[in-house]
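Peer 1: With numbering that gives the first Met the number 0 applied, the sequence shown covers 0 to 296.
Worth flagging that the hints you see were computed from the coordinates, not collected in a lab.
Incorrect hints may appear among the rest.
For lysine to any residue, the following SDA-like pairs were computed, each having C-alpha atoms within a straight-line distance of at most 25 angstroms [to be verified]: (1) K37 x K103; (2) K101 x S34; (3) K24 x P50.
Cβ pair distances, simulated, as ranges [stated by the list, open to error]: (4) N271 x T244: 47 to 57 angstroms; (5) E48 x P273: 53 to 63 angstroms; (6) S21 x G216: 48 to 58 angstroms; (7) D27 x K242: 24 to 34 angstroms; (8) R17 x Q122: 17 to 27 angstroms; (9) E243 x Y39: 56 to 66 angstroms; (10) K12 x K36: 38 to 48 angstroms; (11) R225 x T160: 44 to 54 angstroms; (12) Y63 x E162: 14 to 24 angstroms; (13) H246 x G45: 54 to 64 angstroms; (14) G45 x P273: 28 to 38 angstroms; (15) Y39 x G216: 37 to 47 angstroms.
Ideal Cβ positions, reconstructed from N, Cα and C, are used throughout, including at glycine.
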Amino acid sequence: MNSNKILELSLIKKPDFRLDLSTIKWDDFFETLISKKKSYVTVLDGFREKPFEEFFSVKQGNEYDYDFPPHFYFQEISDKRKSFKKIVFQGDLHEVDFLGFKSKDTHILINGHIGNYVGCMMQTGSITIKGSAGHFVGAMMAGGSLIVNGDVGNYAGANLTGEMEGMVGGYLSVKGNAGNNFCRRMRRGFAFVFGDVGDFFANDMVAGSAIVGGSAGKMWGYGMRRGTIIFAKYQVVSPHVFKETYHDYSSYWGLLKPVIESFNGPFPNLINVPPKRFVGDLAFGGKGECLLPRITT
0 MNSNKILELS LIKKPDFRLD LSTIKWDDFF ETLISKKKSY VTVLDGFREK
50 PFEEFFSVKQ GNEYDYDFPP HFYFQEISDK RKSFKKIVFQ GDLHEVDFLG
100 FKSKDTHILI NGHIGNYVGC MMQTGSITIK GSAGHFVGAM MAGGSLIVNG
150 DVGNYAGANL TGEMEGMVGG YLSVKGNAGN NFCRRMRRGF AFVFGDVGDF
200 FANDMVAGSA IVGGSAGKMW GYGMRRGTII FAKYQVVSPH VFKETYHDYS
250 SYWGLLKPVI ESFNGPFPNL INVPPKRFVG DLAFGGKGEC LLPRITT
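Model the full structure from these sequences, guided by the hints.
Peer 2: If you want it as structure tokens, here you go:
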């Protein structure tokens, strides 16, 4: 059993351009290195293919030597048949992209900052980033848990260029601020930002739920088909996009409120008094919903 073993990977050489890790199958990669077998994994430095070991040192450790967050174990508790692999990354990874691309059954802890596309299309397991991350964080993710303690760039939880769907499952949490197009074309899942979001938040959203603790930029909620966006602070609602509704939704709020409370976020205005509910204007092509606190200060 490898349940107590972890891999510690430290960046030992900066790439000439940007380092693309999208070719790595993380569950197979873990099994190979933890068994001390020869790894033939390669990465892309710009357009040049190079050995993984040219950029990273590999060290085996015990999970009790590291500060793993509690959520690393949630999925293992719910599915005792699985033993999730655990990987720790050390070093300044600003120029490293596609870490955790399509990852499954793997817990990844990043002790620092990371580049673009982290957790892109991830399926199960979790990724925790103790610093900030670049663009397309969790883009098109299908499951698992992705937590960023700092800020993220544009298109987090959104669709990749040329694709029609954003995140389709899982949980995305940003403790700082998010850039433009956060959760654009989101289809399923749950996304959460403690701070502010940029322009075009939740545009063309199909389903799912997204909570914002701060403020949103311009043109948020345009083209929503379904789904729920929730603000902890009052926002000015465009009358061309949303219309206030006075229908009773107490049973729905009774289910949603405990979920919001569980995040321990800055939500007293939202929790203490049931929020106002706005629905998308069908004439504008939308039918998503927006919940806003009744307190406007």
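Peer 1: If a hint holds in the structure, say so; if it doesn't, say that too.
Peer 2: Hints versus structure:
1. Proximity of K37 to K103 is assessed by CA-CA distance (about 22 angstroms); at most 25 angstroms being required, the pair is judged to hold.
2. Pair hint K101 plus S34 holds up; C-alpha atoms about 22 angstroms apart against a cutoff of 25 angstroms.
3. About 15 angstroms separates the Cα atoms of K24 and P50, which keeps this hinted pair within 25 angstroms; it holds.
4. For N271 paired with T244, a C-beta distance near 21 angstroms fails the hint of 47 to 57 angstroms.
5. For E48 and P273, the Cβ-Cβ distance of about 56 angstroms falls inside the hinted range of 53 to 63 angstroms, so the restraint holds.
6. One distance hint, 48 to 58 angstroms for the beta-carbon pair S21 and G216, is violated here, with the actual separation near 30 angstroms.
7. For the pair D27 and K242, the supplied restraint of 24 to 34 angstroms is violated, since their beta-carbon distance comes to about 51 angstroms.
8. Restraint check, R17 to Q122: a C-beta distance of roughly 24 angstroms satisfies the suggested window 17 to 27 angstroms.
9. Between E243 and Y39 the beta carbons are some 60 angstroms apart, a value that agrees with the proposed interval 56 to 66 angstroms.
10. Checked against the hint of 38 to 48 angstroms, the C-beta distance between K12 and K36 comes to roughly 23 angstroms, which is inconsistent with it.
11. Between R225 and T160 the Cβ separation comes to about 24 angstroms, which falls outside the hinted range of 44 to 54 angstroms.
12. Checking the proposed 14 to 24 angstroms range against Y63 and E162 shows it is violated: the Cβ atoms sit about 40 angstroms from each other.
13. About 55 angstroms separates the C-beta atoms of H246 and G45, a value consistent with the hinted range of 54 to 64 angstroms.
14. Distance hint check: the CB atoms of G45 and P273 are about 53 angstroms apart, inconsistent with the given range 28 to 38 angstroms.
15. Here the CB-CB span from Y39 to G216 is close to 45 angstroms, well matched to the stated 37 to 47 angstroms.
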